[in-house]
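With these hints in hand, go ahead and build the complete structure from the sequences.
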Amino acid sequence: MPSISDKAERHTIIDRRPGHYLCFPDVCITDTGRLVVVYNEYDQHVATRRALVVRTSDDLGDTWSPVRLLRTDNSHCPRITALEDGHLVIGDDHGVVFFWSADNGETWASHNGAGLSHGLLDRLTQLDTDTFLITGHQHRGSHPHPAIRQAPPEQMVYISHNRCRNWK
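Residue numbers (the working numbering): 21 to 188.
No lab work stands behind these hints, which were simulated from the structure alone. There may be inaccurate statements among the hints.
[To be verified] Here are the simulated EDC-like pairs of lysine to aspartate or glutamate, each with C-alpha atoms no more than 20 Å apart in a straight line:
hint, residue 1, residue 2
1, K188, E126
2, K27, D63
3, K188, D142
4, K188, E174
5, K188, D150
[Unchecked claim] Across the chosen pairs, the derived CB separations fall in these ranges:
hint, residue 1, residue 2, range
6, L153, P45, 20 to 26 Å
7, H165, S137, 16 to 22 Å
8, E29, S162, 37 to 43 Å
9, Q158, D79, 38 to 44 Å
10, P45, Q175, 20 to 26 Å
11, A171, D79, 41 to 47 Å
12, Y41, P166, 25 to 31 Å
13, H131, Q170, 28 to 34 Å
14, S25, Q64, 36 to 42 Å
15, H65, Q158, 17 to 23 Å
16, H65, E104, 32 to 38 Å
17, N186, R36, 17 to 23 Å
Bear in mind the structure is a predicted one, so any value in this text is a computation, not a measurement. All C-beta atoms in this analysis are idealised placements derived from N, C-alpha and C, irrespective of residue type, glycine included.
Printed below as a string of structure tokens:
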């Protein structure tokens, strides 16, 4: 299958700023065709300074809005989901915070998600208006696996019946 990775004219730089390690992006497209990208602004890969960034594009990525910082205290592996009702939801596993937008990513409100103990959350899966699934993983055990030099990973699936406020 042909790839656009070899065609420089098809590439768009979303963000490049000296002194920033920009990483772990995720993107969704809204009902109106707007692209919304969420990612981290770090000082380095194992960061001492972290922020959560959102940008939007209304022309399929040719141009991008200015950087919008959703949180400047921390961030880790954000994921964004466009819901059936038009809401956008960003899950950020640092402190387990969910950011919600009802206006195509223009403004955001947040709330914590109680009960999630695994990190590296995936995108939300919506089952109905109020019910969502999410997965996460962490490393458990005291003996590192030789190939990854960490304890073996454990995957977990969680369910929420109240729009991501509480998880089981």
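Evaluated hints:
1. K188 to E126: violated, 31 Å
2. K27 to D63: violated, 30 Å
3. K188 to D142: At roughly 16 Å apart (the allowed maximum being 20 Å), D142 and K188 satisfy the hint.
4. K188 to E174: holds, 16 Å
5. K188 to D150: holds, 14 Å
6. L153 to P45: 20 to 26 Å: holds, 22 Å
7. H165 to S137: 16 to 22 Å: With Cβ atoms ~21 Å apart, the hint holds.
8. E29 to S162: 37 to 43 Å: violated, 51 Å
9. Q158 to D79: 38 to 44 Å: The hinted range 38 to 44 Å holds for Q158 and D79, with Cβ atoms some 39 Å apart.
10. P45 to Q175: 20 to 26 Å: Check passed, 22 Å falls within 20 to 26 Å.
11. A171 to D79: 41 to 47 Å: holds, 45 Å
12. Y41 to P166: 25 to 31 Å: holds, 28 Å
13. H131 to Q170: 28 to 34 Å: For Q170 against H131, whose Cβ atoms are near 31 Å apart, the range 28 to 34 Å holds.
14. S25 to Q64: 36 to 42 Å: violated, 26 Å
15. H65 to Q158: 17 to 23 Å: holds, 19 Å
16. H65 to E104: 32 to 38 Å: Holds - the Cβ-Cβ distance for H65 and E104, about 36 Å, lies within 32 to 38 Å.
17. N186 to R36: 17 to 23 Å: 39 Å Cβ-Cβ, so the 17 to 23 Å window is violated.
This entry does not satisfy hints 1, 2, 8, 14 and 17, going by the numbered hints stated previously.
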